[in-house]
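Trainee: All residue numbers for the sequence shown refer to our numbering, where the first residue is 1 and numbers rise by one.
There could be a bad hint or two in this list.
[As the list claims (entries may be wrong)] Mimicking DSS-like on lysine-lysine, the simulated pairs with C-alpha atoms at most 25 Å apart in a straight line are:
| hint | residue 1 | residue 2 |
| --- | --- | --- |
| 1 | K492 | K467 |
| 2 | K470 | K406 |
| 3 | K322 | K200 |
| 4 | K405 | K470 |
| 5 | K405 | K322 |
| 6 | K149 | K90 |
| 7 | K200 | K11 |
| 8 | K405 | K464 |
| 9 | K464 | K406 |
| 10 | K149 | K405 |
| 11 | K467 | K406 |
| 12 | K492 | K405 |
| 13 | K467 | K405 |
| 14 | K11 | K89 |
| 15 | K112 | K405 |
| 16 | K322 | K406 |
| 17 | K149 | K249 |
| 18 | K322 | K467 |
| 19 | K322 | K187 |
| 20 | K322 | K149 |
| 21 | K322 | K90 |
| 22 | K492 | K464 |
[Unchecked claim] Taking CB as the label site, the calculated pair distances span:
| hint | residue 1 | residue 2 | range |
| --- | --- | --- | --- |
| 23 | Q450 | S278 | 26 to 32 Å |
| 24 | D461 | P429 | 21 to 27 Å |
| 25 | D182 | T157 | 53 to 59 Å |
| 26 | S275 | S484 | 31 to 37 Å |
| 27 | A138 | E310 | 30 to 36 Å |
| 28 | R119 | G29 | 17 to 23 Å |
| 29 | G180 | D158 | 25 to 31 Å |
| 30 | P413 | A144 | 46 to 52 Å |
| 31 | D182 | D141 | 29 to 35 Å |
| 32 | R189 | G448 | 26 to 32 Å |
| 33 | D461 | D182 | 33 to 39 Å |
| 34 | S488 | K187 | 16 to 22 Å |
| 35 | R438 | N261 | 47 to 53 Å |
Hints were generated in silico from the structure; no laboratory data involved.
This one's a predicted model, so the numbers in the text were calculated from it and none came from an experiment.
Beta carbons are placed, not taken as given, at the ideal position from N, Cα and C, and that holds for glycine.
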Amino acid sequence: MPGNLSLVWLKRDLRTRDHRPLLEAAAHGSVVPIFVFEPTIWCAGEMDGTHFQFVCESLLELDQRFRERGTRLAIRVGELPYVFAEIAKKYSIQQLFSHEETGTLRTYARDKRVARWCRDMGIFWNEYSQNGVIRRLANRDGWASNWTKTMNRDLLTDTPSFTTVREFDWGAIPSPEQVGLDSVSAKCRVQVGGENNAHKTLDSFLGVRVRTYRTAMSSPITAETQCSRLSPYLAWGNISIHDVYCATKQRALTVPEDFSNDRSQASQFQQSLRSFSSRLSWHCHFIQKLESEPEIEERNICRIYDGMRENEFDDERFAAWKEGLTGFPMIDACMRYLHIHRWINFRMRAMLMSFAAYHLWLHWREPALFLARHFLDFEPGIHFPQCQMQSGVTGINTIRIYSPKKQLQDQDPTGQFVRQYVPELRNVPIEYLAEPFRMSLDLQVRTGCQIGIDYPRPIVDESKAVKFAKDRIYAIRNSEASRSAAVSVYLKHGSRKGKFRDPLPGKTKNRRNLNNPPTQGLLPGFEDS
């Protein structure tokens, strides 16, 4: 064979800094970093052209960084482990290095195939954790303290130089069509991938934007600039959560110096930093759920809710929700914003999913797949548990039904956001903006917005839809079987913070030692924070 080499398999870790597989591989001879576009995964239903574009931007930058360090980035299109097997026909692969990945069921099955192939070939596969998520975790006791210890370890800041093999076929980045995707729509305005952009975003957030993070992150108007906007970079590994944690911790030490003459601003800054830091922990807390139980990508976390919605899916309601044509202005504005930006802040994500689950009574799986395609920061381990939480099928979290009217009044009090993204309503008076169907026919004509013609009527009667949803879900939740199921879910996935809240009030029995995560609707950790 022409030569021996070690492969560094890149997945959702598209960076050089704080990258243990690269560091370890550099000490074992010739190194070929490789990224494989697997069509069966890209076409599975969660991915979109914007994801592909973001990844390609990241890979182009990575290749340049590798060239500066003595090697290049190999690109392949194909399925694994067959891609590796083709390389092994020409080169002797000594070891395979990678980070562990908590992905979809397809990537999980793929990893098992790769593991079998490595065993058959006598290739040692070195896998490393990168986020404090623990593989083969026995239970959640002590998980939070272990995560903190992991985050406080030393950063791997030195990117090594590499030796590589000669005359290697490095390949080229494919087109979206070659992996089964459509090209990105011209209307999309999304963040640009790459390690450099990740660190620029972190610096701008911790340097300035974090000052108002805690108070500005709930409104879609202010959240666009005041949220960290690190989520796609974390999802695709342009920066490690370990790196972000360390930078946040270091920034907290400098706040007193920046605001030595203004205690109020210093306090606000510190509160925002603490709020952001807690979300880093919740980020990994949710990924651990999918790592511990991969099947919750497709089935309810609490199985007692199986069958509650599955056979009542309304395709017309789903289509209206997807297109932002529900007749509920705040819902429609958020959905149309999402189509363009492929990002929206956590409260609006919660509202969109809650509306689909309760008002429209849609089972969570199809809305979750749609949102996955439209979230540039789609992170499977966060996404699927969070979508289930907003649908009320976890068994351990408070049922939270968002009122689109109240969210408009609270988060868009002047109507700026709704009027921008639902221009049909631009002339509707603020007092009717949340419920334009209440306008008189004369006022509809004068504003140029005739309900049912220029803008749809509400596709459901809100009060009736909410009552129907509550009746159905509480009929299950207030049962003895639900109590038992909830305890089982908690023991497997609970955060071990705070006191366990029994699903049937007043019947705590001997469960005082059980805990439950804070029940605030969508917990921090959703992709966008």
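Trainee: Run every hint past the structure and note whether it holds.
Mentor: So, going through the hints one by one against the coordinates:
no., hint, verdict
1, K492 with K467, "violated (31 Å)"
2, K470 with K406, "holds (18 Å)"
3, K322 with K200, "violated (33 Å)"
4, K405 with K470, "holds (18 Å)"
5, K405 with K322, "holds (19 Å)"
6, K149 with K90, "violated (43 Å)"
7, K200 with K11, "holds (22 Å)"
8, K405 with K464, "holds (15 Å)"
9, K464 with K406, "holds (17 Å)"
10, K149 with K405, "violated (43 Å)"
11, K467 with K406, "holds (17 Å)"
12, K492 with K405, "violated (36 Å)"
13, K467 with K405, "holds (16 Å)"
14, K11 with K89, "holds (23 Å)"
15, K112 with K405, "violated (48 Å)"
16, K322 with K406, "holds (21 Å)"
17, K149 with K249, "holds (13 Å)"
18, K322 with K467, "holds (23 Å)"
19, K322 with K187, "holds (16 Å)"
20, K322 with K149, "violated (42 Å)"
21, K322 with K90, "violated (48 Å)"
22, K492 with K464, "violated (35 Å)"
23, Q450 with S278: 26 to 32 Å, "violated (47 Å)"
24, D461 with P429: 21 to 27 Å, "holds (23 Å)"
25, D182 with T157: 53 to 59 Å, "violated (39 Å)"
26, S275 with S484: 31 to 37 Å, "holds (35 Å)"
27, A138 with E310: 30 to 36 Å, "holds (32 Å)"
28, R119 with G29: 17 to 23 Å, "holds (22 Å)"
29, G180 with D158: 25 to 31 Å, "violated (38 Å)"
30, P413 with A144: 46 to 52 Å, "violated (37 Å)"
31, D182 with D141: 29 to 35 Å, "violated (46 Å)"
32, R189 with G448: 26 to 32 Å, "holds (27 Å)"
33, D461 with D182: 33 to 39 Å, "holds (36 Å)"
34, S488 with K187: 16 to 22 Å, "violated (45 Å)"
35, R438 with N261: 47 to 53 Å, "holds (51 Å)"
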